[in-house]
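Please dock the two separately framed chains into a single complex, following the hints provided.
Protein sequence lines, in the order shown, are assigned to chains A and B. UniProt numbering numbers the first residue of the first sequence as 1 and each following residue consecutively. UniProt numbering numbers the first residue of the second sequence as 1 and each following residue consecutively.
One or more hints might be untrue.
[To be verified] DSSO-like, lysine-lysine: derived pairs with alpha carbons at most 27 Å apart:
hint: 1; chain 1: B; residue 1: K88; chain 2: A; residue 2: K239
hint: 2; chain 1: B; residue 1: K78; chain 2: A; residue 2: K254
hint: 3; chain 1: A; residue 1: K134; chain 2: B; residue 2: K29
hint: 4; chain 1: B; residue 1: K87; chain 2: B; residue 2: K31
hint: 5; chain 1: A; residue 1: K254; chain 2: B; residue 2: K88
hint: 6; chain 1: A; residue 1: K254; chain 2: B; residue 2: K31
hint: 7; chain 1: A; residue 1: K301; chain 2: A; residue 2: K117
hint: 8; chain 1: A; residue 1: K94; chain 2: B; residue 2: K88
hint: 9; chain 1: A; residue 1: K172; chain 2: B; residue 2: K68
Note that these hints are calculated values from the structure, not bench results.
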Amino acid sequence: MEDTQLSMYQLYKEMLTKYLDNKSEHALYHAQQFSKQMMEKDMSPEETVSLHMSVFQEIAEDLSEEVVDSFDILLEVMIGYGLAYREHQSLRDKQRQLDSELTVAARMQKSLLPSEKIALDSVDFGVISVPAGKMSGDYYHYAHDEHKNVGVAVADVIGKGIPAAMSMSMIKYAMDTLPEQRLQPGALLENLNRVVERNIDDDMFITMMYGFYDPRNYRFNYASAGHEPGFIYHEESDKFENLDGRGLVLGVSKNVTYRDYEVAMNVGDFVVLLSDGVTECRVDGEFIERDQIIQMIRDYKHMPAQKIVDRIFYDLERAQEFQLRDDFTLLILRRKV
Amino acid sequence: MNLDIQLQEGPQRNVVLLSGEVDVYTASKLKETLNPLAEQENKELVVDLSGINYIDSTGLGIFIGALKATEKSNSTLKLIGLNERVKKLFEITGLNEVIDIQANDAREEA
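Bound conformation, chain B alone (with noise of 0.2 Å):
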């Protein structure tokens, strides 16, 4: 149950690549990382969850976080790399809704 992050800071665009786990135990190391990216004025936040085969409520949450921070910095929040149960996970919430989110292998270069 562990977290791994990594990040590759642009001009424009963020990129935060991460594998394991998100649940209540790396939450808030994740939130330690993608906060002050959020809160970063107009910027793009792309996070990359091709390594991660789990989320849990707590973890959905840091995203939600996420995603109302950009607002604020008039930033995007973008997910991609989804595997089906995370993307499910997405879905059942009605999240798919409200950020921006490509599935499997539509990972861009950073």
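Here chain A stands alone, though its shape is the one from the complex (with noise of 0.2 Å):
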């Protein structure tokens, strides 16, 4: 540190007389240049002033007190801004910090999700899941099996960033010891409830659907803990219906119920499946009401899923000057034979 004072001193001075010889603007780009180096070595503004004293004091040996002493003032004034600077710099540093944790974090998530498309000939299924931050509260899952059975699941965590990502995943890794349970709904949401129960906060909570498609039958199983209503579009009367169910949220409570529903699903029939962030969504300080939403499916409905879920998300994006308030997520699942 001695060292550094010292050759900071004689740099200081070097370039302080060049100045003071010549007023060169050379001289004061090299100001410029010095003074990141005093931040890189961690100087204080109030060190600045005080070596700026030093040499000045050794440059111009006559000096007047007067002169010396108003920099004692100056130094004062100087020690405010020094915490600042210091305590901006330690923030910087613990910002970056987190940055990358959470970019790190943001990417493991990603992978807690579904990466292949379903490939089948019977459905068409499309989804698309946007964080409101960078790490996501929503959750949503599709998988079949050797039948053909199509499960969709959409959930979400209360609240958003990190606490509701870190159950998000809870929800995940539950999903992953229940696969006896793909084809049963109810009892599906009644495992994953008795695991968020044990595992949550107090003031959190977790709200799910569940269903799956069953081409033998062709009919859409389902239950939900307490979510957002989804719907499901009837071609043939060209109607919206609402896929309601009953349930209580997960995690409020050890031993809950949930009720299976069905319904019948024709050949160009599809499941809507969404987050409240979803019906979250403001446009002009007014919240968009769920008959909103269905006359944008509406619009779109001629199109493949994915092509319908990728365009309203856009649409209601844009409606919000691209600031999603909470994470958002859309899933649509379509009978094509």
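Following this line, the structure appears as structure tokens:
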């Protein structure tokens, strides 16, 4: 440290002398470079003032007492700036560290979601999920078994950001341990509820809708844990119907039972699952109504499922000036044959 | 986006009057008020929501937290004065099955 101070002293002295000699732009540019070095060496503003004073006193021997004393005032004033600067430094370092941790975590989280698309002739599937921040509190799932049953789910952890994201991974891991319940939506939610109830904060909860399409009887079977109701679109009647389902949110009470519901799917019919990030979109300060979402789906319903969800997300994002307030997930499963 | 909290404490019953919005910004303020009350043994905690027009999911979580705390302290939680929108939220989430809820102007005098 003493060496550093010594060399800084020398540098500063050379710089100042040069400037006082010829007042060149070059010396001023040097000063800018010097300030960067000072910051790298963690020198505070008041240390700079004091350095300036020492050097100046050496160069100009006959300084008046007033000039010298006036620097005491400047020094004191700079101490405040110095404190603020150091705080800023330490915050910036922490921020960088957090950012990089978050980026890694977000990448890990993405790897929890299914990556391979469903390639079945029987259904057309599309999903979009976009977090409001880096990490998401929304979870979605899709998978099919050897009998071409297609399971789909959307879960929404309250809040957003890291706590929500951590709970979201809990759902994913718990789902992985329950493959035998993929065809029993109510029982699946009951098991998930027990896991969540044991492992979640008192004022947190998760809503979830899980269902599967059974290609043998062309029915969609589902259960809901307090989740924003999805929709089913009936092509023949050209009508949307709510996928209503009663059930308590996950994580509130130990022993909850969830009822199974089922709905027939004809060719061309599709189910829509969503998170409340979709319905909590505020456009011009007003919440978007479910009717408006239905209208958007209707406008795009001739498109493939993935196109529909992409277009709706784009429209809603644009309507909110590209500032998502909540994590957003929208999933569509259509019976093709 | 503000939340005003008024408290009427009594020997058997504490009444909390809320007005404004219970959302991610005001939730922690509400929690600070509700939780200590919910932790009091053998009491009735009544929350009057007639002045509330909006609750988001974080806000709902605070009521769940309060419910769990009252269960531990052998107390009860009751929500009164819910408007249609707020009531619907409790219905969708199934919380109306586990929390004692009285809609509209069934407000009691403390």
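The hints, checked one at a time:
A threshold of 27 Å between alpha carbons decides the hint, and for K88(B) with K239(A) the separation of about 23 Å falls inside it, so the pair holds. Under the criterion of a C-alpha separation no larger than 27 Å, the hint pairing K78(B) with K254(A) is consistent with the structure, at around 20 Å. Distance hint between K134(A) and K29(B) is fulfilled; the C-alpha atoms sit about 26 Å from each other, no more than 27 Å. Between the alpha carbons of K87(B) and K31(B) the distance comes to roughly 20 Å, so the proposed pair stays at or under 27 Å and holds.
Under the criterion of a C-alpha separation no larger than 27 Å, the hint pairing K254(A) with K88(B) is consistent with the structure, at around 23 Å. Only pairs whose Cα atoms come within 27 Å are accepted, and K254(A) paired with K31(B) is accepted, the gap being roughly 23 Å. The suggested pairing of K301(A) with K117(A) holds, with an alpha-carbon distance near 20 Å, which does not exceed 27 Å. Of the supplied pair hints, the one linking K94(A) and K88(B) is violated, its CA atoms being roughly 42 Å apart against a limit of 27 Å.
Between the alpha carbons of K172(A) and K68(B) the distance comes to roughly 25 Å, so the proposed pair stays at or under 27 Å and holds.
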